[in-house]
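Peer 1: One-letter residues, chain by chain:
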Amino acid sequence: MAVRAPVSASGRLLEGFRKWYYNAAGFNKLGLMRDDTLYENDDVKAALKRLPENAYNERLFRIKRALDLSMKQQILPEEQWVKYEEDKKYLEPYLKEVIRERLEREEWDKK
Amino acid sequence: INNSYHWPTKPIRHLCLMKLWISTTHLLSFLQTITGIFLAMHYSPDISLAFSSVVHITRDVQYGWLIRNMHANGASLFFMCIYLHIGRGIYYGSYLYKETWNTGITLLLLTMATAFVGYVLPWGQMSFWGATVITNLLSAIPYVGDTLVQWIWGGFSVDNATLTRFFTFHFLLPFTIMGLTMMHLLFLHETGSNNPTGLNSNTDKIPFHPYFSYKDLLGLILNTSLPTDPSHYSSLTYCETPTTLHQPTLYPPHHMLNQNDTSYSPMQSYDQSQTNQEEYSLYNSPFSYYFKYLPYMHQNNEQPQFRPLTQILFWSLIANLLVLNMNRSATSCKIHSSSSDQYPLFFYFSKFYQSLYLLQVHSKT
Chain A
6 MAVRAPVSAS GRLLEGFRKW YYNAAGFNKL GLMRDDTLYE NDDVKAALKR
56 LPENAYNERL FRIKRALDLS MKQQILPEEQ WVKYEEDKKY LEPYLKEVIR
106 ERLEREEWDK K
Chain B
664 INNSYHWPTK PIRHLCLMKL WISTTHLLSF LQTITGIFLA MHYSPDISLA
714 FSSVVHITRD VQYGWLIRNM HANGASLFFM CIYLHIGRGI YYGSYLYKET
764 WNTGITLLLL TMATAFVGYV LPWGQMSFWG ATVITNLLSA IPYVGDTLVQ
814 WIWGGFSVDN ATLTRFFTFH FLLPFTIMGL TMMHLLFLHE TGSNNPTGLN
864 SNTDKIPFHP YFSYKDLLGL ILNTSLPTDP SHYSSLTYCE TPTTLHQPTL
914 YPPHHMLNQN DTSYSPMQSY DQSQTNQEEY SLYNSPFSYY FKYLPYMHQN
964 NEQPQFRPLT QILFWSLIAN LLVLNMNRSA TSCKIHSSSS DQYPLFFYFS
1014 KFYQSLYLLQ VHSKT
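Here the protein sequences come in this chain order: A and B. FYI, in this note's numbering the residues of the first sequence are 6 to 116. FYI, in this note's numbering the residues of the second sequence are 664 to 1028.
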């Protein structure tokens, strides 16, 4: 998730806490990335429609695998857990764009 | 997550499986209706006859003791299932289905109202004073409070008019609940059920049989075995009507103020010690405020079950409610002098949970 390594002590501390929190959340043990767990409101649904096909298919696979594991009360082997450093916010650019467009539309409609 | 310490053993995991509680609730609702109808065949809603009619049901009617105790204990089991159902909804973020959630809150309030008016019907000491205290809460409303209370009473105190109309409401409200339950399910079927991961499962549905048919069968077996267990019918169980006093006195006997009743808010220990009812009304509002506005407090896209701090907050809320519940029957009315109650009450009333939850749901991490 980190783009560049933090240089200050407080930055390293914060990064350490973020990494701990990421692992404590537990979705990585089901093979999910953070953006897979976003609640599908209207904005997220619109952003999902803009995903490239391969990214969407990979997302579907991860979700299907997580649902299956959850139903069986299991988690993945540790070597298959998604690492904090490997997690990609693949949906974030599209989501930001959708939200920006919605806000612009709402602002326009107010006039 | 499902393999964390919250799921220690396989049998407990299976017992905690989500739909078990609501299928049990549905069956209990049916059981309550049937036992209630049979009780209504022998009950008399008149202050001179009510108590003795309940005694008659218990002693003379064939299996009347069983029907009466199933109805009384079934109500408590009903509420336990509902609280588990609500707890599941909070933990897994099911409140995001707003229409389903709001109809559910209405159902909870109607169920509590039904239980309250039903508790009055045996016309024992707890029935009378419970009715007096709770209806008097409405006197807190400015200007019209006293008039409203007397209108509900049908007189200047809880008396025969009150008993007869409470019997009417107790008979009518369950059918209203049934209708609203249909609406609750209708809204749920618009979106489909949630699941422990909170993910959209439309691509991965499973057939009703054998998964849910066997799960519902387990609920049926538990639901028919638990209410008929005679070990629940001792004198220390729920909603016990005192047999020594037939007519309500002018003042509540001191020892009667510690009876056990699980159908209401865990704040009942606090209720019973309250002399200032306006204070009670004000303090009880965080409870309903929290439930009612929970969907609207959730402003980000993340699932609550994947946030460790939210999980800690949820379980500390449950622990707080359990501590308050345990303290209800264990202590005397001097609740303010007991530090074992003051700290849980402080956390409950201080909007501690709401503010922390707000921090969580508004977090950008």
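Take these hints with a grain of salt, some might be off.
Stated by the list, open to error - With a straight-line cut-off of 27 angstroms between C-alpha atoms, the simulated DSSO-like cross-links for lysine-lysine are: (1) A:K115 with A:K88; (2) B:K868 with B:K955; (3) A:K69 with A:K116; (4) B:K868 with A:K54; (5) B:K878 with A:K50; (6) A:K50 with B:K761.
What the hints contain is simulated information worked out from the structure, not anything from laboratory work. Since the model is a prediction, treat every value here as computed from it, not as a measurement.
Peer 1: All hints, please: hold or fail.
Peer 2: Each hint tested on the structure:
A threshold of 27 angstroms between alpha carbons decides the hint, and for K115 (chain A) with K88 (chain A) the separation of about 44 angstroms lies outside it, so the pair is violated. Taken as a hint, the K868 (chain B) and K955 (chain B) pair is broken in the structure, with Cα atoms around 30 angstroms apart against an allowance of 27 angstroms. Between K69 (chain A) and K116 (chain A) the CA atoms are separated by roughly 44 angstroms; this puts the pair beyond 27 angstroms, and the hint is violated. Among the hinted pairs, K868 (chain B) with K54 (chain A) is consistent with the structure: their alpha-carbon atoms are about 22 angstroms apart, no more than 27 angstroms.
Taking the CA atoms of K878 (chain B) and K50 (chain A), the gap is near 32 angstroms; set against the 27 angstroms cutoff, the hint is violated. Note on K50 (chain A) and K761 (chain B): the hinted pairing holds, with a Cα-Cα distance of about 18 angstroms set against a maximum of 27 angstroms.
Of the numbered hints given earlier, the model fails hints 1, 2, 3, 5; all others are met.
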